[in-house]
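First to last, the protein sequences are chains Y and P.
Numbering of the first sequence is given in our numbering, commencing with residue 1 and proceeding in unit increments.
Numbering of the second sequence is given in our numbering, commencing with residue 555 and proceeding in unit increments.
None of these hints come from the bench; they were simulated from the model.
Listed next, with one range per pair, are the computed distances between beta-carbon atoms:
| no. | chain 1 | residue 1 | chain 2 | residue 2 | range |
| --- | --- | --- | --- | --- | --- |
| 1 | P | Ala-620 | Y | Glu-191 | 44 to 52 Å |
| 2 | P | Thr-614 | Y | Ser-345 | 50 to 58 Å |
| 3 | P | Phe-839 | Y | Leu-424 | 22 to 30 Å |
| 4 | P | Thr-637 | Y | Ile-126 | 48 to 56 Å |
| 5 | P | Ala-620 | Y | Gly-438 | 45 to 53 Å |
Taking lysine-lysine and the PhoX-like style, the derived pairs with C-alpha atoms no more than 25 Å apart in a straight line are:
| no. | chain 1 | residue 1 | chain 2 | residue 2 |
| --- | --- | --- | --- | --- |
| 6 | P | Lys-694 | Y | Lys-91 |
| 7 | P | Lys-648 | P | Lys-624 |
| 8 | P | Lys-694 | Y | Lys-229 |
Predicted model, so just to flag it, every value in this text is computed and none were measured.
Virtual Cβ for every residue (Gly too), placed ideally from N, Cα, C.
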Amino acid sequence: MLQIPLWKRIVILGLVALGLLLAMPNAFYGRVETHNDALARIEKTGTTTPQDTADIAGWPSFLPSALVNLGLDLRGGAHLLGQVHLEDVYKARMTGLWPELRNDLAAQRDTVGAVRRVAGPDDQLIIEIGNADQMAQAITIARKYVTPVATLAGAGQSDLVIAGSGNRMTISISDAEKSAVADRTVQQTLEIVRRRVDEVGTREPTIVRQGADRVLIEVPGIGSAEELKALIGTTAKLTFNPVVGRVTDPNTRAQPGQMVVPSIDEKGIFYVLEETPVVTGEDLVDARPSFDQNGAAAVDFRFGPNGAKRFGAYTSSNIGQPFAIVLDNQVISAPVIRQAITTGSGQISGAMNVEQSTQLAVLLRAGALPAKMTFLEERTIGPELGQDSIDAGRISSIIATVGVVAYMIASYGLFGTFASIAVLINVGMILGIMSVMGATLTMPGIAGIVLTVGTAVDANVIIYERIREELRRTTNVVKAVEQGFKEAMSAIIDANLTSFISALVMFFLGSGPVKGFAVTFTIGLVTSVFTAIFLTRLMIVFWIEWRKPKQLIL
Amino acid sequence: MAFRLKLVPEETHINWFSVQWLTFGISAVLMVASLVVTLVMGLNFGIDFRGGTTIRAESTQTVDIAQYRKTLDGLQIGDVSITEIFDNAFTQNKNITQIRLAAGEGDAAVTPEELDRVHTALLTIDPTVKFVSVESVGPKVSGELVKTAFYAVTAATIGIMIYIWFRFEWQFAVGAVVSMVHDALLTVGIFALFQIRFDLTTIAALLTVVSYSVNDTVVVFDRLRENLMKYKTTPLIDLMNLTVNETLSRTVMTGMTTAIALTAMLIYGGDVIRSFVFAMLWGVFVGTYSTLYMAKNIVLWLGVKRDWSKDAKKDPTPAEFRDIG
Numbered sequence: 001m002l003q004i005p006l007w008k009r010i011v012i013l014g015l016v017a018l019g020l021l022l023a024m025p026n027a028f029y030g031r032v033e034t035h036n037d038a039l040a041r042i043e044k045t046g047t048t049t050p051q052d053t054a055d056i057a058g059w060p061s062f063l064p065s066a067l068v069n070l071g072l073d074l075r076g077g078a079h080l081l082g083q084v085h086l087e088d089v090y091k092a093r094m095t096g097l098w099p100e101l102r103n104d105l106a107a108q109r110d111t112v113g114a115v116r117r118v119a120g121p122d123d124q125l126i127i128e129i130g131n132a133d134q135m136a137q138a139i140t141i142a143r144k145y146v147t148p149v150a151t152l153a154g155a156g157q158s159d160l161v162i163a164g165s166g167n168r169m170t171i172s173i174s175d176a177e178k179s180a181v182a183d184r185t186v187q188q189t190l191e192i193v194r195r196r197v198d199e200v201g202t203r204e205p206t207i208v209r210q211g212a213d214r215v216l217i218e219v220p221g222i223g224s225a226e227e228l229k230a231l232i233g234t235t236a237k238l239t240f241n242p243v244v245g246r247v248t249d250p251n252t253r254a255q256p257g258q259m260v261v262p263s264i265d266e267k268g269i270f271y272v273l274e275e276t277p278v279v280t281g282e283d284l285v286d287a288r289p290s291f292d293q294n295g296a297a298a299v300d301f302r303f304g305p306n307g308a309k310r311f312g313a314y315t316s317s318n319i320g321q322p323f324a325i326v327l328d329n330q331v332i333s334a335p336v337i338r339q340a341i342t343t344g345s346g347q348i349s350g351a352m353n354v355e356q357s358t359q360l361a362v363l364l365r366a367g368a369l370p371a372k373m374t375f376l377e378e379r380t381i382g383p384e385l386g387q388d389s390i391d392a393g394r395i396s397s398i399i400a401t402v403g404v405v406a407y408m409i410a411s412y413g414l415f416g417t418f419a420s421i422a423v424l425i426n427v428g429m430i431l432g433i434m435s436v437m438g439a440t441l442t443m444p445g446i447a448g449i450v451l452t453v454g455t456a457v458d459a460n461v462i463i464y465e466r467i468r469e470e471l472r473r474t475t476n477v478v479k480a481v482e483q484g485f486k487e488a489m490s491a492i493i494d495a496n497l498t499s500f501i502s503a504l505v506m507f508f509l510g511s512g513p514v515k516g517f518a519v520t521f522t523i524g525l526v527t528s529v530f531t532a533i534f535l536t537r538l539m540i541v542f543w544i545e546w547r548k549p550k551q552l553i554l
Numbered sequence: 555m556a557f558r559l560k561l562v563p564e565e566t567h568i569n570w571f572s573v574q575w576l577t578f579g580i581s582a583v584l585m586v587a588s589l590v591v592t593l594v595m596g597l598n599f600g601i602d603f604r605g606g607t608t609i610r611a612e613s614t615q616t617v618d619i620a621q622y623r624k625t626l627d628g629l630q631i632g633d634v635s636i637t638e639i640f641d642n643a644f645t646q647n648k649n650i651t652q653i654r655l656a657a658g659e660g661d662a663a664v665t666p667e668e669l670d671r672v673h674t675a676l677l678t679i680d681p682t683v684k685f686v687s688v689e690s691v692g693p694k695v696s697g698e699l700v701k702t703a704f705y706a707v708t709a710a711t712i713g714i715m716i717y718i719w720f721r722f723e724w725q726f727a728v729g730a731v732v733s734m735v736h737d738a739l740l741t742v743g744i745f746a747l748f749q750i751r752f753d754l755t756t757i758a759a760l761l762t763v764v765s766y767s768v769n770d771t772v773v774v775f776d777r778l779r780e781n782l783m784k785y786k787t788t789p790l791i792d793l794m795n796l797t798v799n800e801t802l803s804r805t806v807m808t809g810m811t812t813a814i815a816l817t818a819m820l821i822y823g824g825d826v827i828r829s830f831v832f833a834m835l836w837g838v839f840v841g842t843y844s845t846l847y848m849a850k851n852i853v854l855w856l857g858v859k860r861d862w863s864k865d866a867k868k869d870p871t872p873a874e875f876r877d878i879g
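Okay, chain P solo, but in the shape it has when bound:
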């Protein structure tokens, strides 16, 4: 007998709806909480969306943030924020600081004089300081980037919704989109809660989370549709349980492989894309959860067409509900 790693037993008979009010309640609470946290704490927008300048400074000396701050405050160049970055990939004499300057007046990005002053000032307290990257976005562009990012997320949502609507039924589309919004909202909430930098890259991560979530949901829907055609009279809720149990192994398997890949990226990928990878990893967990506990609940509540045979229109069978209390 060959060895097989199986995280999920061959056959499961879990009743996914036994705790549906609890899980749905938790989801609802988390969604509201994410929204509140985002509104109250706000997102830590990167320069892509807020305009301004980010400098990545590298030094072989130990960095004294307080001294940096004092020096830069003396320049009177407006709002300055300084963070030290730690990463396991850094060697001992590599000290990275991230300096963020608020956007200046006008549409243009950064004035070279300002940048020069910052560099010269820092050199006086730390002669080894080097600017390894400088990124600057003017307020005009940052406003446009916010707009396109918003359009991108909306367009992706609508596109996916239309596709599912055509391939399945509108109830499925609603279910998929609600779970998609759930995942996106929870991801944004986490970003607000931990004040992780939110920029263009994060939008890419968010879109990936959304597509992963839908991907996961669609595979289950696909099986559900198949089962709907196979078992014409079984109550919908039983069919859903059967479907999720049948696809559970795949859901966990794919979630695991993706999580393995992303975890490697999270640990060894360096600090530059850490927040990006973190968003995706979080999204994989949330996406798997919403596949199991969100999407199909909505489809259950909305009901679906049960008879997929050709003469269904002549004799429509109403959706069946069962007491689940």
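Next up, chain Y with everything else stripped away, as it sits in the complex:
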């Protein structure tokens, strides 16, 4: 038991060294963070400023640079739990299906009779036909719109389920299609939220899907949940529409195919627009804030090939005409087309300040959220509170460690020192592993580390108490130590495995603080068993080999 082969010693010491090396960047948090931020900036912009070079030089690149992520409660920031309204998407799907289906059915009016849509749930289309005995025929017509679901899980299933009874035909979205739609919608929402959050240049935002229709957004460093909501919550729908006229009466009747839309800046002005847009926000590939030739704030934009073609065709045949930019059913601006824009690149200028042009560029670039989102949970933690928590966590960790170390040394002398060294290394290794995993350290997480400091010595205590017992029986130090380690093993394994079970439960079922605590607690369990069983033993073995003690007082 005390014969540890050389390779094992090297592995143990190597793991310790690795753990501490990985933890080291956290001791220089500010410097490493500046270094990492500079690298990220260069990657994003593709250019290097002298400032970036200086920032990068602040931390040697051959050293590890992964840091423990500080949670919102430590750094300050905003947390949002949003619910994506999938029923809106289902509803839009059904509403979109109706006009086409109505035309098809109306073409067969002679057989199926009059066709009428009846009110029903959002995800269903309920149609009544005049001749109930021709239901089979109506269903055949509707079946044209059924397509197979194109996902792996939904293979072999159709997107629509059609049922007929009496004179009533019910078309509903199949479960397979619903889950496919949910996946698509939530993915798209995540993507758009991510792009919008990235715009503010914050570091380490967490944007993840939770459950079927939820999105969890955590952004450190942002002022408040309100700000974050304002940034992502805008369901912007952008279109470019031909202008028919300009009116001051909001009750102006629009011709079929036209609509009346208010102007965003000019009070009391309404635009009559063609309903069908020439190009939409989806055709945009880029938009950025800039300045026009008069030095006023403007937005430069660029269309993809299809958009450019349509935009070019429209602008060349409508020079001198106003062209409205419509955002969420409001005209942002209706600039006059000065020339044909055939390259696909153009500029929007008008009554904007720099902030507005930046905001508009963000909205143009990010596109619209595919469905409405409501926020079920909002948390804002101010940076001051975060700093207070870090300070409190640091002070209490140091005091806790000093207390435990003093107590261990007072109780076990030299062996207590070994255990204390193991505990300190243990904390280092926890931080190292968390850095590499990119795990987030929260305030309950700090409590988890402190608790680990308290319980990490438990395995050593179990071992030492066993050695004490053996020492009452024998004076042979080596034999007592050997026996102590051997006998203690089963208790250590049982004790830690039960803790491990509850830590795992906390990790998988918990959210927020529970999860943060479970992360450090779980990692702490693993490292404390490692340091207690292997590292302490190695230290004792070194000591025995060096001093060849004839007696041991424990």
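Go by the hints and put chain P onto chain Y.
Relative to chain Y, chain P alone:
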């Protein structure tokens, strides 16, 4: 002779069962009392479980709670509760108040207008007031959080029970789980009694208490099993006393180190996680107590298989009971 701090003498010969009816009675009474207190007084659920909004307001002026309350009552935003928080870590001109608003209608968390009104109203009486944190949970989510918290505690209990059952005997599993429930119940009882805020973080603390308690119990069980194999004919009760005396030093040692660490956290960790740390510290005491006085009593009453050798099945020895009166 080197100095060694020893809270427990090298060898103890305490008869842990001499007062077993008294201690068990006290435990039973405390468990019932916890249950009654929890049911009667109810838990002071945080917004995690009840929905609503918690605002942590900081001011450099002395806070007049009554004036705050009057101002906010005037807004007619429903149930408002205001508490002032004191902490030794606060500097002199740092005054923290916690304002809690009841959950509104619908699933969503908080309306920005409402929050704005609260802030504006407070600014009129205290221009230095700042909201350092605002947390808001909608009723839909809070209901789900209650459910998951319940599942988490149940799943942990079952998982631990199955593990002990496989590693030991079912009697041990029952003993461990009863003492686990005892500890959890007493912890919840304390929360109800002092009306300490009970939220998601508290659930983490509760699960930790449970795992600490089991951890402690399992180490004793492990030694008991060892002794059961070593001394095949010694009466169970004597073996248990021997086991607890052998492991007593470890039980106290670990309890002490954990308590030292948690006490440091309790005093210097700030008010944000105080209730969390308090629950754990309390759990360490209760857990140690239940290890010494609860878990093994149950195993004693249930009896255990005494012969762990391979041919035990051929010749089972019945568990031995002794008059303990």
